[in-house]
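**Q** Now for the letters of each chain:
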Amino acid sequence: MPYFKTNGVAISGISAAVPTTVINAETLTKNFDSVYIQKFIKSTGIMSCHQTKDNQTASDLGFAAAENLLAAKRIDRSDIGVLIFVTTSSDYRKPSTSCVLQKRGNYPVDCACMDIIHGCAGFMYGHQTMQAMMQASECRYGMLILGETTSKVINKQEGNAMMFGDAGAAVLYERKEGTKNLTLLRTLGERFKSLIVPSGGFRDLNPKDPFFTASDGVKHSKYNLYMDGMDVFNFATREVLDSIKEYMTKLGKGANDFDIFACHQANNYIIQRMAKKLEFPKEKVPVCLDRYGNTSSVSIPLLLCDSYGKTNGKTKKVLASGFGIGLAWGVTSFNINTDIVLPIIETDDCYSEGIIL
Amino acid sequence: MTKEQKYEMLADILECDVEQLNEDLVLESIDNWGSMTKLSLIVLMEDEFGKTLSSSEITGFKTVGDILSCMC
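Sequence order for the protein chains is A and B. For what it's worth, the working numbering labels the leading residue of the first sequence as 1, then goes sequentially. For what it's worth, the working numbering labels the leading residue of the second sequence as 1, then goes sequentially.
Among these hints, one or two may not hold up.
[Said to hold, decoys possible] Interface residues of chain A toward chain B, partial, derived using beta-carbon atoms under 7 Å:
1. Asp228
2. Gly229
3. Phe233
[Said to hold, decoys possible] Below, simulated PhoX-like cross-link-like pairs (lysine-lysine); rule was C-alpha separation at most 25 Å, straight line:
4. Lys276/A - Lys51/B
5. Lys176/A - Lys316/A
6. Lys42/A - Lys38/B
7. Lys62/B - Lys277/A
8. Lys276/A - Lys38/B
9. Lys245/A - Lys282/A
10. Lys245/A - Lys51/B
11. Lys176/A - Lys39/A
12. Lys51/B - Lys277/A
Hints listed in this document are in silico derivations from the structure and should not be mistaken for laboratory results. Source: prediction; values computed, not measured. The beta carbon of each residue, even a glycine, is placed where N, CA and C say it ideally should be.
Construct all of the structure, not just a fragment, from the sequences and the given hints.
**A** Written out as C-alpha cells, the structure is:
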C-alpha cells in the first residue's frame, strides 16, 4: 500500500507569491457577457485570479517565495542539502528548472536538485519526497519550491479564462526529532487523458493538425489544457474522497482531531462536497480560490499563507489533500506553527538572465 | 418517488419551471444544460438514488426522458 512513513523532518516555513495582474469579472467583460461570467462565478466559486505576463515563469514566482522565506528565517543557505521544484510549467524542456533555481538562489553545490512534474497533487508528492530524502541523509534543511502558470496554457476565449491562477510557493523543511509523518499517494494513469495538454512534449512534436477532438466531442487546441470536467469531478468526489476517509481511519482520527482541512482549491463545489462528506464544519475548511483561482500544486501552501500569514503564536493540525492531473492524488497531515507561515507577496520579477539569446 | 417529484428535482438543477419540461424535450435545447448542471446531476443521482453516473453515461443522455428513466 502506498502509505509512506517518515520521521525526524518537519515543515519550518511557508511562503507564497502571486503576480500583480488580477483578472476578474470586470476585466472579462471584454470577451464574455455578464450573464455568462456570473454563471461561471456561481458554478466555480472563483471571482478573480492573478495571472503572469509573458516573461514571468512559474520558477520566478517560486523563487520570490523562497527568497522571502529565507530572508524571514535567516538560515544559512549553505545548509540546504535538497532543492526540489514541483511544476508542470518548466522554464525549459531541458534542463530541470531546479538546477536553474540553484544557480539563481546561490544554493550550495552540496545540494541535490530535482524537478517533480506533477500538477495539483504536486505538493503531496513533493512533501513526501523531501522528507524521505532528508531522512535518508544528514541534510539540515530542504527547500521545496512549487510554481505553476496554468494561465499560459488555457484558451482565454473559452469559458475557463478565470479558472486557473498563477502562483509560486516555498516550503522549508528542517530536521526535528520526534516528528512523524504519514502520506498516502495514489495514481490513476488510465485516465491520463482527462486533464491534458497533448502537444508541446515529444510525443507529438510537430502535429499535422493542431486541433483534436476531445472526450466532449468538441475540437480543442493541442497546445491548451483540456479538462473533462465531469470525469475530474467524479474522481475528486469518489476516489480522492475515499482515500481521505481511508487515511483518517488508518490514523484513527476524525474531523475533530484536525484544526483545518486544507483541500486543493479546484472548485468550491468540490471542496464543500468533500468537507460535508468528511464532516468538517465550514469554519475548518478555508477557501482562497475565490481570489486566486486554481493554482495547481501551489494551492495548499497558498491557502495556508492566506489563512495564517497574519496569525501568530498558534499551532494548527492540518489535514491536506491534493488531487488532479495524472490523475494523481495524495493525502497527508502535519502540524504547523502559524509564526512560520508568511503573508502572500506580489511580484512581477522575472529572470532576465534566463532568456537565452 | 413520484414522477412529479423527479420533474421538480430536474427543474431545480436546470433552474427552469417544471412546466417547461417534458419527456421528449431535447437536453441540448435547454439553456442551462451545461457543465455545471451535469455536475449537479451527478450529485443528485448519487445522493437521492445511490447511483454512480459516469461522464459517458451523461454524454449519452439526449432527452429529459433519458434522465427520468435513470431516476429510480
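**Q** For a quick check of understanding: which of the numbered hints are violated here, in increasing order?
**A** 7 and 11
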